[in-house]
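Now for the letters of each chain:
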Amino acid sequence: MKKYVLGRVIRAIIAVFVVTAIAIIMIFTMIPRENIFRDDTAQLQKLNGKPDDITIYKNNKWEQLGYLDFVRQAEMCQTESDDYDACMIVNEHTVVNDNGIETKEYTYSEEGEKVIEAYTQKGYKVQYFVYGGFYATKDYSGLEIVFNFFKNLIKIDTPSAVQDPDNPDLERKIYIGTDYNGVPAIMCSGCEHNYLLYFDGNFPFIHQNFISLNFGQSYPTYQNPSTLDVINSSQGSLDNREQTYPNGKTGNSADNFHTCTYKATASLDHMDANKFDDNYANCKSYYTYPSMVSMSYIFGIIALVLAYAIAIPAGVAMARNKGKWPDKIGIVYVNIMIALPSLAFIYFMKVLGFRIGLPDKFPILGFDNIMSYILPVIILALMSTASLMIWIRRYMVDQTNADYVKFARSKGLSQKEIFRKHILKNAIIPIVNGIPSSIILCISGSVITESVFAIPGMGKMLPDSIKAFNNNMVITLTFIFTALSIFSVLIGDLLMTVVDPRIQLDAKGGNE
Amino acid sequence: MSDNRFEFVKMEESASEHLSAPRYSYWASVFRKFFSSKVVITMLVISAVIMLFSFIHPLFSHYDPTSQGNINDKTMSFIKPCLEYPFGTDRTGRNMFDAVWASCGNSLSIALIATGVTTTLGVIVGAFWGFSKKLDKIMIEVYNVVANIPFTLVVMVLVYVMGAGKWQLIFALSCTSWLSTAYFIRVQVMIIRDREYNLASKCLGTKTSTIITRNIMPYLTSIIVTSIARDVPNFISYEVFLSFIGIGLDVTEPSLGRMVSDYVQYMQAPSASYLFWIPVILCAMISVSLYIVGQALADATDPRTHMI
Chain A
93 MKKYVLGRVI RAIIAVFVVT AIAIIMIFTM IPRENIFRDD TAQLQKLNGK PDDITIYKNN
153 KWEQLGYLDF VRQAEMCQTE SDDYDACMIV NEHTVVNDNG IETKEYTYSE EGEKVIEAYT
213 QKGYKVQYFV YGGFYATKDY SGLEIVFNFF KNLIKIDTPS AVQDPDNPDL ERKIYIGTDY
273 NGVPAIMCSG CEHNYLLYFD GNFPFIHQNF ISLNFGQSYP TYQNPSTLDV INSSQGSLDN
333 REQTYPNGKT GNSADNFHTC TYKATASLDH MDANKFDDNY ANCKSYYTYP SMVSMSYIFG
393 IIALVLAYAI AIPAGVAMAR NKGKWPDKIG IVYVNIMIAL PSLAFIYFMK VLGFRIGLPD
453 KFPILGFDNI MSYILPVIIL ALMSTASLMI WIRRYMVDQT NADYVKFARS KGLSQKEIFR
513 KHILKNAIIP IVNGIPSSII LCISGSVITE SVFAIPGMGK MLPDSIKAFN NNMVITLTFI
573 FTALSIFSVL IGDLLMTVVD PRIQLDAKGG NE
Chain B
222 MSDNRFEFVK MEESASEHLS APRYSYWASV FRKFFSSKVV ITMLVISAVI MLFSFIHPLF
282 SHYDPTSQGN INDKTMSFIK PCLEYPFGTD RTGRNMFDAV WASCGNSLSI ALIATGVTTT
342 LGVIVGAFWG FSKKLDKIMI EVYNVVANIP FTLVVMVLVY VMGAGKWQLI FALSCTSWLS
402 TAYFIRVQVM IIRDREYNLA SKCLGTKTST IITRNIMPYL TSIIVTSIAR DVPNFISYEV
462 FLSFIGIGLD VTEPSLGRMV SDYVQYMQAP SASYLFWIPV ILCAMISVSL YIVGQALADA
522 TDPRTHMI
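Just so you know, the sequences run in chain order A and B.
If you read the first sequence in the working numbering, its first letter stands for residue 93, the second for the next number, and so on.
If you read the second sequence in the working numbering, its first letter stands for residue 222, the second for the next number, and so on.
Isolated chain B, as found in the complex (with noise of 0.2 Å):
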């Protein structure tokens, strides 16, 4: 072979530094791995149909449960699905359609209002509870007093106490609730805070509130939704049933609970069940499809299932 065969190649220095790891983005894979699922995918639409209906038909609509302006106009009353009415009217002519949109947007809202306090202020307290001792030893007293009452006696007694309304049963719903995320958290600090790349930030000088940031809240995002997937639907299951015995919200606020414990009445009725069963299925249907998007969701964003 002779040497004119040969070429000369110049010698890239930069060349030793490269890598040959396939390009990974975190937040792509995410995506890739949430898509994945035709399930996922037909629940996130679902839920946001929903979620749209819910909170843009009230804004047009502007239904007022109080108000029963048919209620002597017979040919409104029980006027069973039809195109008109897509829901139907109830006895006192009122549009189902308006009431159960303004009802589900009023039950969301509640549910995800109570959900971001429960979990900003889980996050924050957890984040530092797993790093001070100081603070552990008052909080984990607290947390075992407070984690041992049951939740439902908690929240009626409170939403008793306040008085019914929609800011007091957000408040009696995530009074207590943040100190079981808070613990949560916690454990998950724990255990990642005496990592050596932690005590290597240490050696070098960050500021704890950098490393809880900085180094142990990405590795946290999956616990964070999980602890949101269980919150949402549980939420919506508390409001609808405190508001089903009658101590949730007023008369004077629209609320799936209220009317699911309204026309329970025509539960057996042939021809008016429709008033129950509307309320009953949406109201599961919400909670399960918001729960199936956010276990998904939680799993996307854990790393380790991002290997192929």
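So that you can see chain A by itself, here it is in the shape it has in the complex (with noise of 0.2 Å):
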């Protein structure tokens, strides 16, 4: 069993890798790169007429999202050049043409010319600014930004992750101390966070930066933070709260200390000064609001308790009473709800709703009111309930026939008994293998609800992001749900051996 369970972790890590490789691979290669701008037009507006500063604005961004690197004259004399400012001479020529129009041109010195044919040798592509000077580009092959992303994607913090050359004196050490609040907690100064290890009053309680996963950047939407921050960190405005500081002080602040960062000592300011005594001043905010992963988790999890509340009943009810009115009723049901695309349903209880007033758009009432919840939640579950109660009559009508009932029937057991303690028992086994899917699923959301509700969760990220262009943010969504899903479904298969022994995963038989 143990080998079996190895294997099938070890095989489950291989295809996520390799889902995530494939969709890298096409997201980078297959999508025109010039669509990541088509977002950020504010930026692009800002530069307008300046072409050399558009170029440079573009390939920056291209290096840091790992399309390619991008190198400029300085860099290029640096690293190729024995004489530094000879090569960074950039001369100017007027040029007038026929029609007595002055263009300018730009010529390079000898070490310049050097440097430029050393790195196109080096499979460098070389361009020249619009206003002189001369910048070289390398496209990264599809293989490469795997790598890349890859190689970046698991951070380890160590004692040694800070690099502030202001700061040569900064200790170098784990310990267990105590936090601002005086719980104790696992910190470490000269780790790129604070705490390493440490307890509060939110999910999961434990949280730990030993190891954390880095996907890149958001880009063009949600700029700059990584795009695990866009989904995790909370929404709405500062939760500004009484606080004591790191430093003893207390005050009015926003600023969740577990999980501050190493701030630079040439950009500490006097802010910071007033809360802290040392560099880790870099901290995230708490926010009124939950987390886009959290928002669609209270839909998820509070749907799916209905949905299991509906459908089992009324599936057992449909078995009892097979070939009558309840079962016919059920099958109607059920037909309907497969048959009917999500969209038209969502759309017709949307009606139903609004008729009785509940807002038709999550934001309409925000957060705060319970009004924007019922509607979701009950769509949400509703769109579940058809396959729970087709599978759950099909199991328990499959058992119906089996030896044991008949055994029960003729020791003079009830109907109702029978079907209360001996046949739901057993057709719940297989339900319960997808009840771990379901579950961990929640945080994904429901795509279509949360984008016609609005609701600013995981679900609606996917497509928001996609129509933004935001490839690392599509990257991220993809690894993150293909994980999920893949190891819910082996966690479903041996919560299946827990409740029926009988059930062996590795069991030798089936088709050899």
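Hints listed in this document are in silico derivations from the structure and should not be mistaken for laboratory results.
Yeah, the Cβ is synthetic: ideal placement off N, Cα and C, and Gly gets one too.
Some hints could be false.
Quick list of in silico lysine-lysine cross-link-like pairs, BS3-like style, CA-CA up to 25 Å [what the hints assert, rightly or not]: (1) B:K259 - A:K416; (2) B:K259 - A:K414; (3) B:K254 - A:K416; (4) A:K420 - B:K259; (5) A:K414 - B:K254.
Selected chain B positions facing chain A (Cβ under 7 Å, derived; list incomplete) [unchecked claim]: (6) L374; (7) V378; (8) V382; (9) S458; (10) F462; (11) I468; (12) V501.
Dock chain to chain to rebuild the complex, using the hints, since each chain is given by itself in its own frame.
As structure tokens, this is what we get:
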């Protein structure tokens, strides 16, 4: 059994990496890279009329996102030339053409030409700025992009992580200390994070910063924070609360001191000095509303409980009255739910809800009002009842002809007892298999419902990122959704063996 | 009793060869079973009418979603459904009757082509998959990976990567879904392939391909129809959803999903809500009727239901 589980885990990890790699290669090579700037008009408009600045901005972004390696003249001269100053010379000539229009032409020193030649040899494409100067770019191949992505994916925080020339005496150690609330925590000096392991009142209560995943930056929507921060950090406005600062003073602040990371000495200001006595001053803030992941989770879990609460009794009733009217009504319901496009169903429900005064979009009443949650939760629950009901009915009907049921009947047990105590227990086993994936996949949210109701959750994130060409976010979500689905299926299989010890996953039976 | 009251009967050798079983024809039974339900006949008529309109009407109307010829003619905008404009007109004076059928035709053809590709590929691969143990080892690993990735994710990422368009969408929809059809068929093939009559066939030296096409496929008809009945509404649903959120078809192609998303603003407007409800209801009618017809056909094609 252990060997089997280990094999499954290894295969699952490989599968997640293969799927992510395919997604990365497709996204980076098949989508025109100009597209990512389509939603970044604000920045590009600022640079309007400065073609060189636009070139620099775009190439810098592409380099950040991992498309290419971008080097400018200064960097090229530093690495390839012995005579930096000679290499940097740009000669400007004014040329008058036949129509009397003046244009400028630029030539470069011998040293400069040598550097250009060297970079061309290395496979770079050397280009010239409109107003003089040159730069070189080298596109990464699909495999290089994948390699770079996975190389940077896992970050382990160690006491030697921080490199700050202004702070040479920084202590480098991991120690057990107490946080600003007096709760024990594993802390670090010299690491990127101040707290490596800490406890607080937020789910899942124990948090660690030893290992962090780095999927790159979010761009062009939600610019600059890492993609994981975008989906993980809370939303809304700053939530100021009375807090004790790490240096012992008290005050009103929205900073979450557990999340503080190192801030270079050069950029520390008097605001930081007010709260902190060390360099760990780069903190995330508390916001009033839950993050996208929590949002999807809140909706998902409530809907899931509701769906099971509806579907199990309904499925049992259908099986018990097989062929009679409860069964017939149930089958009509299930067929309609399966056949009806989800979009049509959501809108039918939305209008019904609107008639009785529920808001038709989440942001209308917002996070604080319970009315915002009712309609999406009911829709989510009803959408998953159909398949649950039909499976429960199926399993129960199959069980009714089993020998143990006939025996129970001959013992004189009532029909009700047989259904409740014997059949349901056996019929629920295959249903148990699906529970972990339903719970875990709540994180991914429901793409359709969240889009229609404009709920700021994970499900809406995927179509939004696709429309905005936020490549890193699409890759992050692909990785997360794939990993969660694959592992939740594994957990479901394991749970089934716990519920029913007769089931052996690694048995050599079945089809040899 | 005298002997002359008896007659000599000629002995017929062939009479002993006849079996006194009722005449049975597979397809006649399928038809009888299929047309025995009034609900199914109604649904068949509904889906046939919708299909005829969707595929024939656009041939005459030449509807172009990008042209807005009547945009400056205020008398043309927001005409409620009447005889001349059975589905009314929208703000820019477009005839909704043309728009709806062009969209339906497009959505239906996407779903039908994707189902066709999925089923053909799935059945062929599934049949050989069920037979070959070597192939099984590779395919089961591939299946385990692909089946665990959320389908929405696959479709959305593929559409994103390949860009908007009808054929891109068809590719995205059928790219991984054929695998689950193939798996479905594989399991059935495995159940049937080791039955005695197949072993006998094998002993007599029949080729694997002949065993698959002659001995096994007829058993799979109802299973294949079931999978088709499930796929068509599913694909319509996906196309509508993807076009609705704006990553399915591009603006130049009419689609039910795009209509829904364009006219969702009129949902609550009492004077123009028909713009929104007509495509939504039509989209519901198409998939429900096709699903019920498909299910009935699947039941009818299963020989076990033919016993009287």
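Do the hints match the structure? See the list:
no.: 1; hint: B:K259 - A:K416; result: holds (19 Å)
no.: 2; hint: B:K259 - A:K414; result: holds (22 Å)
no.: 3; hint: B:K254 - A:K416; result: holds (21 Å)
no.: 4; hint: A:K420 - B:K259; result: holds (16 Å)
no.: 5; hint: A:K414 - B:K254; result: holds (21 Å)
no.: 6; hint: L374; result: holds (5 Å)
no.: 7; hint: V378; result: holds (6 Å)
no.: 8; hint: V382; result: holds (4 Å)
no.: 9; hint: S458; result: holds (4 Å)
no.: 10; hint: F462; result: holds (5 Å)
no.: 11; hint: I468; result: holds (5 Å)
no.: 12; hint: V501; result: holds (5 Å)
Comparing the model with each earlier hint shows no violations; every hint is respected.
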